[in-house]
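Protein chains: 2
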Amino acid sequence: MIDFSRPFAAGRPDGTNASAREVLGHDGRLEPGSLHEIPARQGRAIRLRRGERLRVVNTHGSQVGDFWAFAETDPGEHLSMEHLRPDLRKLRPEPGDALVTNRRRAILTLVEDSSPGVHDTLVASCDIHRYHQLGHEGYHDNCTDNLRMALSALGIPLPAVPCPLNLWMNTPPRENGEMAWLPPVSRPGDHVTFRAEMDLVAVISACPMDLLPINGADAVPRSLSVTVLP
Amino acid sequence: MIDFSRPFAAGRPDGTNASAREVLGHDGRLEPGSLHEIPARQGRAIRLRRGERLRVVNTHGSQVGDFWAFAETDPGEHLSMEHLRPDLRKLRPEPGDALVTNRRRAILTLVEDSSPGVHDTLVASCDIHRYHQLGHEGYHDNCTDNLRMALSALGIPLPAVPCPLNLWMNTPPRENGEMAWLPPVSRPGDHVTFRAEMDLVAVISACPMDLLPINGADAVPRSLSVTVLP
Numbered sequence: 008m009i010d011f012s013r014p015f016a017a018g019r020p021d022g023t024n025a026s027a028r029e030v031l032g033h034d035g036r037l038e039p040g041s042l043h044e045i046p047a048r049q050g051r052a053i054r055l056r057r058g059e060r061l062r063v064v065n066t067h068g069s070q071v072g073d074f075w076a077f078a079e080t081d082p083g084e085h086l087s088m089e090h091l092r093p094d095l096r097k098l099r100p101e102p103g104d105a106l107v108t109n110r111r112r113a114i115l116t117l118v119e120d121s122s123p124g125v126h127d128t129l130v131a132s133c134d135i136h137r138y139h140q141l142g143h144e145g146y147h148d149n150c151t152d153n154l155r156m157a158l159s160a161l162g163i164p165l166p167a168v169p170c171p172l173n174l175w176m177n178t179p180p181r182e183n184g185e186m187a188w189l190p191p192v193s194r195p196g197d198h199v200t201f202r203a204e205m206d207l208v209a210v211i212s213a214c215p216m217d218l219l220p221i222n223g224a225d226a227v228p229r230s231l232s233v234t235v236l237p
Numbered sequence: 008m009i010d011f012s013r014p015f016a017a018g019r020p021d022g023t024n025a026s027a028r029e030v031l032g033h034d035g036r037l038e039p040g041s042l043h044e045i046p047a048r049q050g051r052a053i054r055l056r057r058g059e060r061l062r063v064v065n066t067h068g069s070q071v072g073d074f075w076a077f078a079e080t081d082p083g084e085h086l087s088m089e090h091l092r093p094d095l096r097k098l099r100p101e102p103g104d105a106l107v108t109n110r111r112r113a114i115l116t117l118v119e120d121s122s123p124g125v126h127d128t129l130v131a132s133c134d135i136h137r138y139h140q141l142g143h144e145g146y147h148d149n150c151t152d153n154l155r156m157a158l159s160a161l162g163i164p165l166p167a168v169p170c171p172l173n174l175w176m177n178t179p180p181r182e183n184g185e186m187a188w189l190p191p192v193s194r195p196g197d198h199v200t201f202r203a204e205m206d207l208v209a210v211i212s213a214c215p216m217d218l219l220p221i222n223g224a225d226a227v228p229r230s231l232s233v234t235v236l237p
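So the sequences go chain by chain: G and H.
Position one of the first sequence corresponds to residue 8 (the working numbering), numbered consecutively onward.
Position one of the second sequence corresponds to residue 8 (the working numbering), numbered consecutively onward.
Keep in mind the hints are simulated off the structure, nothing from the lab.
There could be a bad hint or two in this list.
Any copy will do: because identical chains look the same in the list, a pair fits if it lies in one copy or spans two.
As the list claims (entries may be wrong) - Restricting the straight-line Cα-Cα distance to at most 25 Å, the calculated cross-link-like pairs of lysine to any residue (SDA-like) are:
# : residue 1 : residue 2
1 : K97       : G142
2 : K97       : D21
3 : K97       : T116
4 : K97       : Q140
Given these sequences and hints, build the entire structure.
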């Protein structure tokens with residue numbers, strides 16, 4: 008019987024996934040203006056001080072980024088999609104919107120979005136169970152383990168896995184409530200910029216889904232880039 | 008400064024809220040065929056064995072019920088709205104749909120729905136922060152604390168607060184992504200029936216929201232009823 012209570016339920020990532028050991032900048036704190044890669048299929052954590060602005064760049068245009076944010080003082084307080092939706096009274100944030108935690112406090116503001124604004128707040132991060140459902144056998148890189156590993160690389164505990172903000176993921180619900188699974192409509196170089204409203208740790212996973220066309224029609228996972236604006 | 012890490016952040020429920028001390032049936036296990044009340048503004052937990060069917064009755068027709076389910080062997084595995092939506096590829100479950108956990112296993116099947124089928128999977132349970140946002144001062148009964156109390160009455164720990172299935176809550180997103188806050192369209196006596204697909208603990212909170220018309224145009228919270236079918 009699989010032990011569902013532990014991460015890496017079906018083995019461990021192989022050596023190509025460095026999410027648990029490679030850290031961006033100095034302990035996750037980036038030099039403003041420096042550009043850092045989130046490698047394809049991997050996750051990284053970034054520390055932000057209140058007022059700092061984080062830009063996530065869709066380098067190749069077709070890549071989904073699963074995005075989380077945790078209060079630095081207590082990772083039990085985090086960006087929460089089910090609190091964000093009723094707070095904004097809409098399914099997707101737009102520039103100018105404050106994004107709230109599970110305690111209904113602003114943790115980030117979305118200050119800029121150069122893309123057509125198609126992001127998802129409805130879908131859990133992929134996990135090993137999802138890949139097994141889709142027919143994959145053995146371990147498969149997944150955003151949930153990337154989150155766990157990226158935080159563990161900074162020594163930060165993760166009490167539970169929140170629903171991510173899925174940047175550029177194109178899974179719009181129709182009026183009848185049915186959802187579609189479509190490639191992103193973003194273009195190479197499109198980016199979103201967040202301003203931190205408290206000291207926080209953000210995590211971005213370059214989604215490793217290669218069994219559905221969620222990362223482009225060719226289903227090839229690619230890298231993302233991040234920078235803290237000067 | 009409010010300690011956001013603890014429940015009952017702004018005081019404790021007064022003596023009228025018995026969610027932490029009153030238990031349905033024998034330690035939450037109901038005699039099949041017996042009808043039990045979930046009092047207005049309160050929550051109760053119910054233990055179900057795999058195969059048992061739980062009916063939730065909207066006695067007055069206008070009342071929203073926040074609904075959760077946890078694996079009996081591990082409350083870290085629970086009914087999860089962000090896993091349910093992609094699994095069903097739609098926003099709302101319908102009769103015949105299996106409802107999955109955060110580990111993508113079926114925990115319940117929705118076997119029957121006598122109402123028009125308008126339920127919500129998008130909105131977090133109300134909490135003390137929500138009532139303070141709406142202008143209320145001091146403590147206010149809320150579904151999040153009702154969940155905590157109903158589980159604690161059975162001695163069950165709660166690792167995190169999942170997004171509930173909001174039975175009869177009428178907050179449909181429009182095609183443009185905007186959400187409306189509307190009274191329920193259910194009628195007195197409407198009910199939904201779930202079949203347990205594993206041993207589990209369900210929690211139902213008769214939502215105490217009285218500052219928005221989510222529990223009917225008169226914004227008066229009322230009771231619900233539950234029964235385990237013989």
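Quick rundown of the hints versus the structure:
1. K97 to G142: between (34 Å within a copy, 22 Å between copies)
2. K97 to D21: neither (40 Å within a copy, 34 Å between copies)
3. K97 to T116: This pair counts as within: shortest intra-copy Cα distance 15 Å, inter-copy 28 Å.
4. K97 to Q140: The answer is between: 18 Å across copies meets 25 Å, while 30 Å in one copy does not.
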